[in-house]
Amino acid sequence: MNAGHSTHSAWPPNRIVLTVLGGCVALCLTAPIAVLVVDAHDAGWPEIRTVLFRQRSYDLIANTITLTALVCIAAALVGTAAAWCLERSAVPFARLWTGVLILPMAMPDFVVGFAWHSLWPTMPPLVAAATIMTLSTYPLVFLPVAAALRRCDPALEDVARGLGTGPMATFVRVTLPSIRGAIGGGVLLAALVVISEYGAFEAVRFHTLTTEIFTEFQFEPRAAAALSIPLVLLGLVAIGIDAAIPRRQSGFRAQARTGAAGRPSLGTRAVRTLTMLAFAATVTAGVLFPVGVLFYWMHQSRRSTLPAVASLATATETTFAYSALSSAAVLLLATPVAYLSVHYPSRISLALQKSTFVPRAVPGVIVAVTLVYLSINYLYPLYETSWLVIAAYAVLFFPLGLVCVHASVGALPREFGEIARSLRRGRVYTFLAVTLPLIGPGLVAGFCLVFITATTELTSTLMLAPAGVKTLATQFWAFQTESSYGAAAPYALVIVAVAVLPGALLGVWFDRRPRTSHPGWRTGDLPIAAPQATTSVAAASDRFAEPMP
Amino acid sequence: MNRIIISNYRRHVIVAGTVVFVTLAGALTACGKPSSGPSNAELTLYSAQHQQTTNALVNGFTKQTGIKVNVVNGDEDATTAKIEQEGAKSPADLVYTENSPWLEQLDQKGLLAKVDASTLAAVPKQDSGASGNWVGVSARISGITYNTSKLPAAQLPQSIMDLANPAWKNRIEIAPAETDFWPVVSSVLHTYGQARTLDWLNGLKSNAASNDNVPSNETLAADISQGNTDLGVLNQYYYYRLKTEVGANAIGSQFAFFAPHDPGYVQDVSGAAVLASSKNKEAAQKFLQFLTGQPGQTILATSDSFEYPLATGVPANPQLPPLNTLAPNAVSVADLGTGEDAKALLQQAQLL
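Chains as they are written, first to last, in the numbering used here: chain A, 4 to 552; chain B, 3 to 354.
Just so you know, these hints were derived from the structure itself, not from any lab. From the three backbone atoms N, C-alpha and C, an ideal C-beta is built for every residue, glycine too. Keep in mind that the hints are not guaranteed to be accurate.
As the list claims (entries may be wrong) - Here are the computed distance ranges between Cβ atoms for each label pair:
1) Y381(A) to G254(B): 28 to 34 Å
2) W48(A) to S133(B): 28 to 34 Å
3) N172(B) to G243(A): 38 to 44 Å
4) E342(B) to L382(A): 29 to 35 Å
5) L382(A) to Q66(B): 36 to 42 Å
6) A500(A) to K281(B): 41 to 47 Å
7) D164(B) to A247(A): 52 to 58 Å
8) P180(A) to G254(B): 54 to 60 Å
9) W48(A) to E44(B): 51 to 57 Å
10) R272(A) to G229(B): 57 to 63 Å
11) N172(B) to D62(A): 16 to 22 Å
12) D62(A) to E86(B): 48 to 54 Å
Stated by the list, open to error - Straight-line alpha carbon distances no greater than 20 Å define the calculated SDA-like cross-link-like pairs of lysine to any residue that follow:
13) K84(B) to L382(A)
14) K116(B) to G339(B)
15) K171(B) to P127(A)
16) K91(B) to W390(A)
17) K84(B) to Y381(A)
As the list claims (entries may be wrong) - The following residues of chain A were derived to be distant from chain B, with all beta-carbon distances above 12 Å:
18) T69
19) A84
20) A206
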């Protein structure tokens with residue numbers, strides 16, 4: 004909470020504490036990478052050479068890069084187009100669309116994969132994989148871009164248009180510079196997701212480095228660790244590219260616009276109808292179609308001879324527990340990192356913050372492997388317990404939580420803390436009574452984002468869950484691999500159902516607009532109303548790579 | 003005034019805090035439940051076998067002896083890797099695999115204990131490990147599963163070597179990452195040697211095109227039945243299990259053997275062992291005895307397993323042709339070894 008006065012060169016105690024805490028978090032999160040290197044080293048060079056330096060690896064790396072590039076471009080286009088249409092046109096039911104358009108993200112990729120593959124088994128694997136991943140990652144672009152657009156004043160665009168600039172030129176020269184940071188941040192997350200995806204590619208038979216790692220892991224765990232080193236490098240490249248995108252500090256805050264009435268009307272009725280049709284088609288492909296296939300499977304269902312290890316209720320309970328606890332853990336860990344980089348921006352804090360993104364590029368199975376290694380060798384009591392699953396989720400989904408926490412902390416007016424302190428309120432009290440309620444909505448958004456993603460986690464859960472424990476995702480997978488689609492379908496449907504509420508909540512939250520130029524913080528409803536903090540949550544990625552002093 | 007506002011905050015904070023606390027407490031209790039460890043009287047079995055059959059076997063055993071068995075299911079390669087990683091700390095007492103090479107691998111690393119002589123005597127000697135550290139439980143035969151409307155029986159290949167011919171381009175699917183495929187590769191290697199086996203694998207890869215790494219045997223069986231491809235090389239039971247699941251009317255495939263003694267016609271053994279690190283060896287030996295004795299073998303023969311029981315005097319599922327009428331290639335469990343050579347070839351052919 005301390006403002007970063009740099010009146011003297013010594014670091015204030017707060018900064019030291021935050022740096023130490025942030026450092027510890029970054030260290031914990033990147034520990035799997037370190038273990039990976041040790042593990043690969045233990046496997047020995049001959050084994051690494053056989054699996055890494057050969058034609059198949061090159062083919063798979065090429066596959067991975069091609070697909071990642073395709074998905075990044077497609078997700079950037081779809082996400083930006085959707086956000087722009089929603090924010091800059093008078094599409095009816097805007098808030099509803101926001102909620103609905105982010106739902107494809109909540110669909111488990113492997114379910115979508117199987118749905119598509121069961122309908123078109125002959126679809127070229129690259130096309131299928133690119134389509135599925137675009138559908139599941141464009142919301143990562145859509146959310147921050149929508150938020151960024153909301154913060155820029157459309158009047159600038161109107162001025163440009165008024166001066167005779169064409170619509171395309173206006174977009175490129177006026178709008179794009181303000182949102183490219185948001186696009187970059189979203190695309191980075193999308194790239195990391197694609198690099199580490201497994202289930203969907205297995206379903207459509209597209210082979211990437213990650214699917215190969217999964218295969219290799221089955222019989223040679225240590226060589227698998229070696230195979231994931233190129234993935235870490237790819238992840239670093241993606242993070243580097245994102246960091247190189249120039250960000251523009253959006254110096255102009257949006258004037259208050261409320262509801263669709265304030266939005267500039269775009270085009271004719273026909274254009275609006277087309278826009279809505281495009282939205283509907285996207286949601287149909289990403290959500291309605293796979294859900295339809297699930298119902299079809301249930302309808303077709305013949306008996307499965309495979310006994311369910313976990314009933315629907317037990318699996319739901321486990322999924323809920325794992326997701327909730329890991330979401331809470333992520334928020335707890337992300338808070339010091341976010342505070343550090345907001346209040347004391349420096350090379351060190353930036354490096355700490357960025358390093359936490361690296362594990363996202365590593366497949367869940369590899370994070371799981373390293374946790375197995377660590378627990379067997381150093382923390383045996385934790386081995387085969389649920390805590391390892393939660394730890395894996397926390398490592399994997401940390402960046403998602405950080406994005407939200409960072410944004411809320413960044414939007415927090417520092418004066419509030421100073422006022423509280425001037426009233427001689429204690430530090431803890433200030434945090435609980437002032438800070439927490441203000442950043443609360445952002446934390447809830449972060450919680451929802453991590454929760455949704457965690458409910459669909461498959462690969463690390465497969466490896467780490469204790470004997471006899473199944474989540475919805477792993478029980479679905481168990482049935483599905485035995486081709487018992489009818490028995491598998493209900494588990495996937497529950498995943499979708501569980502994701503709808505936090506998904507809708509996220510949509511509504513991201514869609515909240517600043518109420519007036521003087522934010523409506525009436526002291527009485529302080530804890531529930533913090534519009535600035537909430538609206539800028541999604542714009543976090545935009546702030547991530549702001550030039551540091 | 004200030005106080006009123008503050009108390010208002012406080013109320014909100016308390017309410018929000020309570021909600022978060024209750025949610026997390028609920029999650030914690032849900033989470034803590036499954037992690038209660040097994041007591042000493044219980045056995046832990048790492049099983050890579052068909053889950054349905056394993057469950058039936060375990061239930062039969064518990065009913066007979068009163069000893070509870072915790073089953074941890076997994077693929078056999080992953081299970082083997084897990085046991086090797088856990089080493090002396092492994093919570094497992096028993097391991098049950100689908101194919102012999104994985105037991106041989108564990109045995110080579112000194113991780114298995116001697117099987118009781120009376121248990122070994124229940125099945126033919128050549129179907130257990132030469133060291134006497136694992137015992138054979140059931141037999142499985144590889145062959146052709148084909149789509150009956152895409153491929154008339156008369157056009158079936160006689161040899162697995164034929165499948166590398168360009169005539170089968172885009173008409174086959176393979177699942178080389180599935181360990182059932184490895185004994186077949188070892189058999190071809192044993193029969194024709196390194197160079198020819200590699201050529202053959204390259205041919206298969208080219209013919210299977212984008213379906214050269216189907217995720218599982220069950221998926222492959224379903225693909226064939228649905229007509230996504232003409233044929234695949236699978237063990238006999240995948241066809242029978244799928245038929246049981248979807249019903250005889252809905253299945254579009256059929257199973258056939260290759261010509262007698264073809265390298266694609268392989269009998270492999272599924273077996274079980276007690277781990278050297280087990281602290282319940284006595285009870286674990288009882289489980290092996292149950293598996294290979296009349297009660298266990300009968301469960302195998304009458305369940306949805308469709309594998310061949312190994313004990314003499316226990317007839318196989320009547321849907322299967324009797325084991326003694328079959329003519330597989332002459333490769334022994336010892337010839338198949340640890341499967342390392344098959345793996346190396348599959349890697350050379352860029353299939354793994």
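Any hints this thing doesn't respect? Which numbers, in order? 1, 9, 10, 12 and 20
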